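Asker: Sequence:
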Amino acid sequence: MSLAIQIVDLIKAKDEKGLELLYDNYSKALYGIAFRVLNNHSYAEEALQNSFLKVWKNIQQYDENKATLYTWMSQIVRYSSLDIRRLKSFERQEKTESLEPHVNHGKATSTSTDALDAKKILNGLEEKYSIILEYLYLKGYTQQELSDELDIPLGTIKTRLRKAITIIRTNLKDEKKLFMGMFLLLVLVVLVKIFIF
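Residue numbers in the sequence shown follow the UniProt record's numbering, run continuously in steps of one, and reach 197 at the last position.
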């Protein structure tokens with residue numbers, strides 16, 4: 001009997017020995033996944049603890065015919081980490097918004113404007129495309145690392161990257177057309193005012 005099957009059987013029987021074996025054999029690798037998503041030790045620990053709790057509670061959902069124990073758990077860790085990242089981001093946003101009335105608004109730097117533009121562009125994409133760009137360009141992953149991290153074939157990563165870039169190009173062209181249309185409309189209004197008055 002393999003170690004993974006033994007662990008699953010023990011956890012299904014609600015034997016804490018199974019949880020100990022799970023932790024001893026998988027915690028380092030799973031912590032690495034959490035840390036790569038969160039880039040924060042305490043958040044990664046929190047994600048790992050949440051994940052072990054989910055494994056303990058939901059072991060009946062594990063199907064060895066669909067995935068290995070490690071693959072199943074790594075997905076749980078990944079989703080727990082993403083949940084924590086969203087939560088912490090939301091908490092930071094709430095704190096920022098509560099400080100907003102006390103902030104003296106000066107000139108925005110081009111860096112903050114560029115960051116806002118990048119966020120706007122990423123938010124306009126489907127999640128399957130935006131996550132590829134976020135990991136590759138904002139978090140510095142290689143395509144192979146991202147393939148391993150998300151458990152998606154390398155070819156799919158490359159295809160989604162090309163599609164995301166194509167969508168962004170199209171959107172930017174549309175924005176440029178809209179800007180030019182508005183500019184021409186403004187020029188037309190000014191000319192009408194000049195010639196009428």
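FYI, nobody ran anything at the bench for these hints, they're computed from the structure. Predicted, not measured: the structure shown is a model, and the values here were computed from it. Check each hint, because a few of them may be wrong.
Below, computed lysine to aspartate or glutamate pairings styled on DMTMM-like, alpha-carbon distance capped at 20 Å [stated by the list, open to error]: (1) 54 with 20; (2) 88 with 151; (3) 158 with 145; (4) 88 with 148; (5) 158 with 148; (6) 158 with 127; (7) 128 with 151; (8) 88 with 64; (9) 66 with 83; (10) 54 with 16; (11) 57 with 126; (12) 28 with 16; (13) 66 with 15; (14) 54 with 9; (15) 66 with 149; (16) 88 with 24; (17) 57 with 45; (18) 14 with 83; (19) 173 with 126; (20) 28 with 148.
Asker: Would you mind marking each hint as holding or not holding in the structure?
Answerer: Here is how each hint holds up against the structure:
At roughly 15 Å between alpha-carbon atoms, residue 54 and residue 20 fall within 20 Å of each other, so this suggested pair holds. Taking the CA atoms of residue 88 and residue 151, the gap is about 25 Å. The hint is violated against a cut of 20 Å. Using a Cα cut-off of 20 Å, the hinted pair residue 158 and residue 145 holds, with the two alpha carbons roughly 12 Å apart. With a C-alpha separation of about 25 Å, the suggested pairing of residue 88 with residue 148 is violated against the 20 Å cut-off.
Straight-line distance between C-alpha atoms of residue 158 and residue 148 comes to about 13 Å, which keeps the hinted pair within the 20 Å bound. The straight-line distance between the Cα atoms of residue 158 and residue 127 is roughly 15 Å, inside the 20 Å bound, and the hint therefore holds. Proposed proximity of residue 128 and residue 151 is supported: the alpha carbons are some 13 Å apart, at most 20 Å. Taking the CA atoms of residue 88 and residue 64, the gap is about 33 Å. The hint is violated against a cut of 20 Å.
For the suggested pair residue 66 and residue 83, the alpha carbons sit about 24 Å apart, so the restraint of at most 20 Å is broken. Distance restraint check for residue 54 and residue 16: the Cα-Cα separation of roughly 14 Å lies within the 20 Å cut-off, and the hinted pair is therefore satisfied. Pair hint residue 57 plus residue 126 does not hold up; C-alpha atoms about 31 Å apart against a cutoff of 20 Å. For the hint pairing residue 28 with residue 16, the CA-to-CA distance comes to about 19 Å; that is within 20 Å, so the pair holds.
At roughly 24 Å between alpha-carbon atoms, residue 66 and residue 15 are farther apart than 20 Å, so this suggested pair is violated. Our distance criterion of 20 Å between C-alpha atoms is met by residue 54 and residue 9, whose separation comes to about 16 Å. Annotation: proposed proximity of residue 66 to residue 149 holds, straight-line Cα distance about 18 Å (limit 20 Å). Restraint check: the Cα-Cα separation between residue 88 and residue 24 comes to about 28 Å, which exceeds 20 Å; the hinted pair is violated.
For the hint linking residue 57 to residue 45, the alpha-carbon distance of about 18 Å falls within 20 Å, and the restraint holds. Note on residue 14 and residue 83: the hinted pairing is violated, with a Cα-Cα distance of about 26 Å set against a maximum of 20 Å. Between the alpha carbons of residue 173 and residue 126 the distance comes to roughly 18 Å, so the proposed pair stays at or under 20 Å and holds. Between residue 28 and residue 148 the CA atoms are separated by roughly 16 Å; this keeps the pair inside 20 Å, and the hint holds.
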